[in-house]
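Q: Listed below are the residues making up each chain.
Protein chains: 2
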Amino acid sequence: MKNKRYYLTPGPSELYFTAAEHMQYALRNDLGSISHRSKQFQEIFQFTTAQLRQLLNIPSSYHIVFTGSATEVWQLLLANCTEQSTYHFVNGSFSSRFYEFAKELNRNAQKLEVPFGEGFDISEANIPAETEMICVTQNETSAGTCMPVEDINTLRKEHPEALLVVDAVSAVPYAPIDFEQIDSLFFSVQKGMGLPAGLGVWIFNDRCVARFKALKEKGQVVPPYHAMDTMLKNAEKHMTQATPNVIGIYTLGKVAEDMNRRTVEVIRQETVFKAATIYGLLERHTKFKPFVREEKHRSQTVIVADIIDEDYTAATVIEKLEAHGIVVGKGYGEFKDKQIRIANFPTHSKEIFYQLADVLETL
Amino acid sequence: MKNKRYYLTPGPSELYFTAAEHMQYALRNDLGSISHRSKQFQEIFQFTTAQLRQLLNIPSSYHIVFTGSATEVWQLLLANCTEQSTYHFVNGSFSSRFYEFAKELNRNAQKLEVPFGEGFDISEANIPAETEMICVTQNETSAGTCMPVEDINTLRKEHPEALLVVDAVSAVPYAPIDFEQIDSLFFSVQKGMGLPAGLGVWIFNDRCVARFKALKEKGQVVPPYHAMDTMLKNAEKHMTQATPNVIGIYTLGKVAEDMNRRTVEVIRQETVFKAATIYGLLERHTKFKPFVREEKHRSQTVIVADIIDEDYTAATVIEKLEAHGIVVGKGYGEFKDKQIRIANFPTHSKEIFYQLADVLETL
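Order-wise, the sequence lines are chains A and W.
Counting from 1, position 145 in the first sequence corresponds to residue 145 in the UniProt record's numbering; the numbering is continuous, with no gaps.
Counting from 1, position 241 in the second sequence corresponds to residue 241 in the UniProt record's numbering; the numbering is continuous, with no gaps.
No lab work stands behind these hints: they were computed from the structure.
Hints are not guaranteed to be accurate.
If chains are identical, the list can't say which one is meant, so a pair holds when it fits in one copy or spans any two.
To be verified - List time: in silico DSBU-like cross-link candidates among lysine-lysine, alpha-carbon distance up to 30 Å:
{"hint": "1", "residue 1": "111", "residue 2": "213"}
{"hint": "2", "residue 1": "39", "residue 2": "289"}
{"hint": "3", "residue 1": "338", "residue 2": "233"}
{"hint": "4", "residue 1": "296", "residue 2": "218"}
Fair warning: this is a prediction, and the values are worked out from it, not measured in the lab.
Can you build the whole structure from these sequences, using the hints too?
A: And the structure:
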């Protein structure tokens, strides 16, 4: 029997330690077979959204719907709630692709772009008055950078007219985002929530709905699949437009419940502690250093290390860690050979982080 | 411990009898954690598409990609491969929604519509010469009707210029569709394939790709999520645009392999046999009759029965069957009280059909 490998990759990642058990319960209890128009499914939908509301402190006035992925939500937000002009904070591959989606939809997409590994000085953003949507990637998984929550709140204060939307992939449930300061947030489940991939969660408020309705009235063609009105009409009945990933929705609710028992505050404290352990080690290591220089822009959930020893590549480091049963990610894109990326999600225990630190020390 | 219930509902339905085992293997072997950019994922993608090619006899020149659902593919086909004019055969809720999607995308959508429970005389279709896409729902899950494969082939012969696309939800793997006579086919996995929902499969040929490219060159805005070029570019590397339902893709390949061992021919013979058992019984029953009058339009995979006894409703029949551990579906929409729908998929054994027949006899 092969040894257990722990995935500290930044998504997909190690499953939350209770996830497989919940999926097996779902399989044993026919949740793969029940109708998505049944009362049983409605109860699952209701349970999962209630647990998410508690975990992420989502106001009751905000709507929660399910999609195939977070990537899908980029398009849904743009197609449903914008007509012409968007503004993007771009500092890595995912924020860049969100921006590219807007361009492909023929929006006049503006951006503030800084290199991989850097955060934003938001006062440098030249956001046009007519901007309909400001798009923030709170945690840039490709580069290990984050936008501090205070910056998001400042954006809201300075641009109250625009919809402020937050890509929270790999930020959830850690990032303490204040929903009252934003209009929409979305994520996929295979990062911090620790589920197998194949499900996205999209949260939005009535300002988004009003914007959607105004655009429809003006005659804008909104693609009908997962269009906001259809999603809402179904969500009000605790249902979905098409047959959804029922087992994923069930498991998400149960994992969120498990996290709620542990409390999100404890999860946050542990996340900060584990991140500090690794960043501290990288600071004093002879072969590594933290990629992100500015502490306030360092992601707590995706830690990226530059390899500064000429004899080491990402491949050699990854191989050495794998010998100890620890799987980390390589750098993204052009950084793939000289960086490693380490996920720090709720499922990753302090013990596995101590072990990771021990092995890194010996390199 | 509660008794096992068998889901003979027309989707989601009883899982294929090996599906849960494959999912458990996937969970034990970290397929929920592996990167969707890894060699391991590429091998899964390749395995699954190879097994599907064998099962459905898909030519090597046809592309296979994965989506969130079959509903999503309605939009993808329309948005990627049409500009103005589509033609739809509508005889139930799903074919009608495909048509509505075209209208919502501002296509000039024409249709031949017949009532629920009726098939088409395709010679009555008045398909305009400029039609870009003919949309056929081979098996109308809501009504239990099918379009004979010969009719599909006739449509191709008479309208060789239009793209001919087939919604094969609840038809796969039974329907012996000749891919050389069509341009695209799609389905979701929670029907005949017997998997938990949350995955769609889209198959298309180079005529679709050429059409997509021509429209792009003309400046058509194609929504970027799951756009055909991005899907193709990734599929060539055995990858997907966004993090997909990896466990679903793996399980689909393993279930298809299991079906290939049994052979699709045996599955087809058994499907016809089981359907004949129930249709025969309905014909001679005093409380039921087959909803679909014309034998050639009777679906082999979704059998719809009219309840003709005034003392019976769908709810009472369903309750009586559930007492024997058999779950069937109620009628769709306005037929919900006076019809039952019975799925006849590869996972449903002859034994469970004998049992169903026995119980129906006693009513």
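Q: Decide, hint by hint, whether the structure agrees.
A: Checked hints:
| no. | hint | verdict |
| --- | --- | --- |
| 1 | 111 / 213 | both (26 Å within a copy, 29 Å between copies) |
| 2 | 39 / 289 | between (53 Å within a copy, 29 Å between copies) |
| 3 | 338 / 233 | between (48 Å within a copy, 26 Å between copies) |
| 4 | 296 / 218 | neither (43 Å within a copy, 46 Å between copies) |
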